[in-house]
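J.: Each chain, written out:
2 protein chains.
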Amino acid sequence: IVLALASSSLHADEPLASWNDTATKQAIVEFVERVTNNDLPDYVAPEDRIATFDNDGTLWGEHPMYTQLAFAIDRVKALAPQHPEWKTKQPFKAVLENDLPALAASGEKGLLELVMVSHAGISTAEFEAIVKDWLETARHPRFKKRYTEMTFQPMLELLAYLRANDFKTFIVSGGGVEFMRPMTQAVYGIPPEQVVGSSIKTQYEVKDGKPMLMRLAEIDFIDDKTGKPVGINKFIGKRPIASFGNSAGDREMLQWTGAGDGARLMMLVFHDDAEREYAYGPADGLPDTKFGTFPQSLMDEANEKGWHVISMKNDWKSIHPADAE
Amino acid sequence: IVLALASSSLHADEPLASWNDTATKQAIVEFVERVTNNDLPDYVAPEDRIATFDNDGTLWGEHPMYTQLAFAIDRVKALAPQHPEWKTKQPFKAVLENDLPALAASGEKGLLELVMVSHAGISTAEFEAIVKDWLETARHPRFKKRYTEMTFQPMLELLAYLRANDFKTFIVSGGGVEFMRPMTQAVYGIPPEQVVGSSIKTQYEVKDGKPMLMRLAEIDFIDDKTGKPVGINKFIGKRPIASFGNSAGDREMLQWTGAGDGARLMMLVFHDDAEREYAYGPADGLPDTKFGTFPQSLMDEANEKGWHVISMKNDWKSIHPADAE
Ligand SMILES: [Ca+2]
Ligand SMILES: [Ca+2]
Chain A
1 IVLALASSSL
11 HADEPLASWN
21 DTATKQAIVE
31 FVERVTNNDL
41 PDYVAPEDRI
51 ATFDNDGTLW
61 GEHPMYTQLA
71 FAIDRVKALA
81 PQHPEWKTKQ
91 PFKAVLENDL
101 PALAASGEKG
111 LLELVMVSHA
121 GISTAEFEAI
131 VKDWLETARH
141 PRFKKRYTEM
151 TFQPMLELLA
161 YLRANDFKTF
171 IVSGGGVEFM
181 RPMTQAVYGI
191 PPEQVVGSSI
201 KTQYEVKDGK
211 PMLMRLAEID
221 FIDDKTGKPV
231 GINKFIGKRP
241 IASFGNSAGD
251 REMLQWTGAG
261 DGARLMMLVF
271 HDDAEREYAY
281 GPADGLPDTK
291 FGTFPQSLMD
301 EANEKGWHVI
311 SMKNDWKSIH
321 PADAE
Chain B
1 IVLALASSSL
11 HADEPLASWN
21 DTATKQAIVE
31 FVERVTNNDL
41 PDYVAPEDRI
51 ATFDNDGTLW
61 GEHPMYTQLA
71 FAIDRVKALA
81 PQHPEWKTKQ
91 PFKAVLENDL
101 PALAASGEKG
111 LLELVMVSHA
121 GISTAEFEAI
131 VKDWLETARH
141 PRFKKRYTEM
151 TFQPMLELLA
161 YLRANDFKTF
171 IVSGGGVEFM
181 RPMTQAVYGI
191 PPEQVVGSSI
201 KTQYEVKDGK
211 PMLMRLAEID
221 FIDDKTGKPV
231 GINKFIGKRP
241 IASFGNSAGD
251 REMLQWTGAG
261 DGARLMMLVF
271 HDDAEREYAY
281 GPADGLPDTK
291 FGTFPQSLMD
301 EANEKGWHVI
311 SMKNDWKSIH
321 PADAE
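One line per chain: the protein sequences are A and B, in this order. The numbering of the first sequence is my numbering, which starts it at 1 and goes up by one. The numbering of the second sequence is my numbering, which starts it at 1 and goes up by one.
The list treats identical chains as interchangeable, and a pair is accepted whether it falls inside one copy or across any two copies.
Restricting the straight-line Cα-Cα distance to at most 20 angstroms, the calculated cross-link-like pairs of lysine-lysine (PhoX-like) are:
| id | residue 1 | residue 2 |
| --- | --- | --- |
| 1 | Lys305 | Lys207 |
| 2 | Lys225 | Lys109 |
| 3 | Lys305 | Lys25 |
| 4 | Lys87 | Lys109 |
| 5 | Lys168 | Lys238 |
| 6 | Lys210 | Lys225 |
| 7 | Lys225 | Lys207 |
| 8 | Lys210 | Lys238 |
| 9 | Lys25 | Lys317 |
| 10 | Lys238 | Lys132 |
| 11 | Lys145 | Lys132 |
| 12 | Lys77 | Lys132 |
| 13 | Lys305 | Lys210 |
| 14 | Lys201 | Lys238 |
| 15 | Lys25 | Lys313 |
| 16 | Lys225 | Lys305 |
Since the hints were made in silico from the structure, they are not lab data. Model, not experiment: these values are computed from the prediction.
Looking at chain A on its own, in the form it has when it is part of the complex (with noise of 0.2 angstroms):
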């Protein structure tokens, strides 16, 4: 206890103790001094320090595959009993044996398929506690712990600083909004209100008296590429003036942010750390993926429009909260 009060105090002197003294920390240093002092031209006022942040592959891991490719994955075998037919039929027949090439090959809409046979039918509240047990007991296969421990520690602290000065911190995710919901607040400190994300439907039914939301098999929304302002504008209703990704799907979200007056800050992380993590782009050379693709023409525009390239490798001290402990 004596050395966790000790820890929480260094903390609390230096709020980005992960953070590697680059250039990258001193951005964002430099950033909240300038929307935070009254007397700078750039200063903004606490109710508009929108800060905006995508999920997957920017506050936690994506790899080997999304985690909640993963949840789908393990709800299709908890199903199958009920579903004999997909022991013949694509993409259920891949993921019951363990085939993920074929799983793969079935491509952006099997997944749909997947996600939505596998997350429909039920209610919200039995959703929420399916996601809940499940995030509790799943282990992440590398590193063999809870996906809720993969989170990346220099993100927990930069989330902890912008709201230490006032802001207001969102999730704008490709990931299910009532995926993520269950988790956000104990782990990101953020609330359910403040979660964009993409959903499907869902319908109120009155059953034995008893009002409830059923998830239906149909898309509401996706919270992806240009759908990430146009959820930023639904939801939120103001613009950023800060907002953090790491990929293709992120790329409008910043250029909306951008687009605003004054200072703004706009930051991807790249994973570029194939020891302590991942490495993958296909930019600069790293490795293709179909899990959190940053291509070669996000790096250049990045570069072009002064957009921060986060680099694990360097700007990261540690990755995990375990390994800052």
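Fit chain B with the ligands to the given chain A structure using the hints.
T.: Frame of chain A, contents of chain B with the ligands only:
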């Protein structure tokens, strides 16, 4: 200034100063004491003190017509020179000839077409500027004041009272979210990100290198009736412990709020004061209306389920902020 200070310190002592000392006011105070007292079994942690408010007819007036309809009519008149075909085409003809019976006869479909045409085809930034300008210049036909002064003083005090007790207050309205957001912070103390409403679709476009969101003539979401619990789940992700409405459109929101565990407060504003505001039902034999219908079935459900009906006439000392000064 001395008087204003005296009055504001009086209000600090008496947070619901414009409410008469009736059972309705007592129900509010008792509920807040129950959920904020850590020693009582119904205590609710601050982050779960979610209160949702309908807007039209609950926080501000809706007669002789919804404020947004008055806005749409003014927009159609402003756009008419570019649309000579409107002179002979309903519902536009009715608007241009100030023929309200013909306009009403066009039904919901006609009104929706009016709103679509007058609210779409421009960017979100342009629309916001038009709404702000209209709210500055338009006047209510009976009270001759700005629509933002047609708010209900007792409800403003209720919002402030709840927030003083660490509630987070949200608007959940059938009105257009982008019609409300330009004024909710100044008028209600509710920031844009806590406003849930109906919406049309927007599309991200980059014009001359400048990103913008264009408003399309296509419905995205109708936040009314069963849409209210759906919207609450989608935007807030938590069940409210208190909700406030005034018409059939709020029935499901109150059902959804009431179906949660622990102490709950559900209230309906009943417009029974023709002298100081308006009187309409058709519940309790008051005149029927197309704007904010309060049917007898809703009154019966309220009585059966212990939802409180706020009588404007008996429960409110004053109606509009100007009366309370
Ligand atoms: Ca991502
Ligand atoms: Ca209403």
